[in-house]
Amino acid sequence: MMSLDFLVGFTVFMLALIMVVSMVPGLLAGLESSGIDYDAVAYRTGVILAEDPGWPVYPPWEMKTGAYKDEIERMGLAVSKETPNILLSTKVDAFFNGSFFTEDDYRNKAIFGDIPYSYNVSLRDKDLTYNYATGDTPPSGRGYIRRAVKIKEPGVANISYNSSFNETTLDASKPRIFTVRLNFSQLLDPSVGPAYRIDPRTEPVNITITEFGRYLNRTDNPGENAKLKDVAFYKMDPTRPMPRFTRIPFSYNTMDPDLYTLFLDRTPNDLVPETEVSDNISLVLKPAATSIFTLDQNSILDIRFTFDDGVPQKTFMNGTYLYDYDNVTCPPLKPAVLEVAIW
Amino acid sequence: MVNDGGQLYTMEGVAAGIIMLLTAYIVISTTSVYTPGDTHITDMQLEQLGSDVLAMMDTPDTNGTKSDLETFVNDDNST
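Respectively, the protein sequence lines represent chains P and A. Taking this note's numbering, the leading residue of the first sequence gets 1, the next gets one more, and so forth. Taking this note's numbering, the leading residue of the second sequence gets 1, the next gets one more, and so forth.
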């Protein structure tokens with residue numbers, strides 16, 4: 001016959017045992033679900049930035065100006081869908097522009113989190129040419145992803161002294177016209193991969209003329225420099241029945257660093273400088289300007305530098321320089337590291 | 001019939017219950033259990049980084065040249 005005391009004692013023991021056993025499953029769920037979430041969101045943001053060119057792709061999102069910022073759906077840094085982990089330098093510069101994008105823009109167009117996460121996105125390369133970071137300083141308990149990437153930078157046309165452009169036999173009264181020709185059907189040839197392609201619609205066109213002093217007419221005008229009268233843009237559509245070059249309307253006498261920069265002997269100028277040049281000319285035409293020119297993939301764009309000093313002319317620089325893959329130096333892809341932290 | 005002969009049983013039960021609860025509390029509050037699921041995330045981060053580095057080593061830096069990986073494999077040295 002069981003005593004009542006034994007039963008009471010046994011009941012107390014069983015109750016305690018049941019409580020312990022019900023606590024044991026809680027030991028296996030040792031992770032906080034919000035902790036996993038940070039890593040997942042960081043990984044997704046890393047994929048969007050490193051492997052996605054963004055949306056809209058063409059016309060590219062990095063060229064949207066202030067009023068059209070809402071048309072950007074997604075900010076991605078890749079050159080194209082076919083080239084993951086290869087980033088375009090113009091997209092990188094646009095993405096890290098803290099004065100154009102607010103924190104909400106980054107959250108809505110790159111992170112896509114259900115709650116407003118804090119973030120830190122950074123891109124660094126070995127010699128710190130690229131040393132961008134945006135967002136707050138990450139604490140120790142954060143979700144994190146690191147991607148190895150390469151950055152594609154725009155090509156530069158370095159035109160030093162070349163005797164084929166030094167036409168000493170030209171008529172002394174005619175103005176000298178030096179043309180840089182961009183044949184889009186050649187540049188956008190699909191046989192060149194997107195990671196190595198020169199695309200003036202999305203990357204700046206950089207023309208640097210050095211050693212200009214060697215083109216000067218030292219015999220007739222010793223010690224005098226030639227005057228660059230203007231820089232003009234002409235386009236031609238070779239697919240039309242009678243193709244010819246037409247001058248592109250542009251605000252040539254307004255200096256707008258978002259559209260172009262022109263440096264004559266390291267002094268900035270507009271495109272109708274009428275100034276003497278002695279050593280070098282540097283023109284960078286930004287993709288925002290090329291998009292105004294309404295060119296398509298068959299167009300030919302001419303950039304004509306006209307030197308006119310009256311009679312006698314002070315320079316012999318004349319001719320056409322082809323801006324193509326043989327002449328333009330494309331810098332090698334730069335390895336870099338992209339890190340995304342979310343907390 | 002009702003006496004204090006079984007008080008020891010009750011006290012034993014209560015003591016056993018208290019010991020179980022105390023042990024479970026001490027175990028949970030002092031250690032963090034490292035479950036196998038934890039390593040998935042760090043493994044994934046490393047796997048992604050390794051895959052990226054391999055892909056970048058296999059990308060030529062200029063058009064038409066050999067990638068670093070091709071050079072290493074072909075020439076068997078590190079230049």
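Simulated from the structure, these hints should not be mistaken for lab results. Treat each hint with caution, since some may be false.
With a straight-line Cα cutoff of 27 Å, these simulated DSSO-like cross-link-like pairs (lysine-lysine) come out [as the list claims (entries may be wrong)]:
1. Lys66/A to Lys227/P
2. Lys66/A to Lys69/P
3. Lys286/P to Lys229/P
4. Lys81/P to Lys66/A
5. Lys64/P to Lys81/P
Verification of the supplied hints:
1. Lys66/A to Lys227/P: Between Lys66/A and Lys227/P the Cα gap is close to 45 Å, so the pair fails against 27 Å, i.e. violated.
2. Lys66/A to Lys69/P: This hinted pair is violated, its Cα atoms lying about 40 Å apart.
3. Lys286/P to Lys229/P: OK: Lys286/P and Lys229/P at ~21 Å, within 27 Å.
4. Lys81/P to Lys66/A: holds (22 Å)
5. Lys64/P to Lys81/P: holds (20 Å)
The structure is inconsistent with the numbered hints 1 and 2, although it conforms to all the rest.
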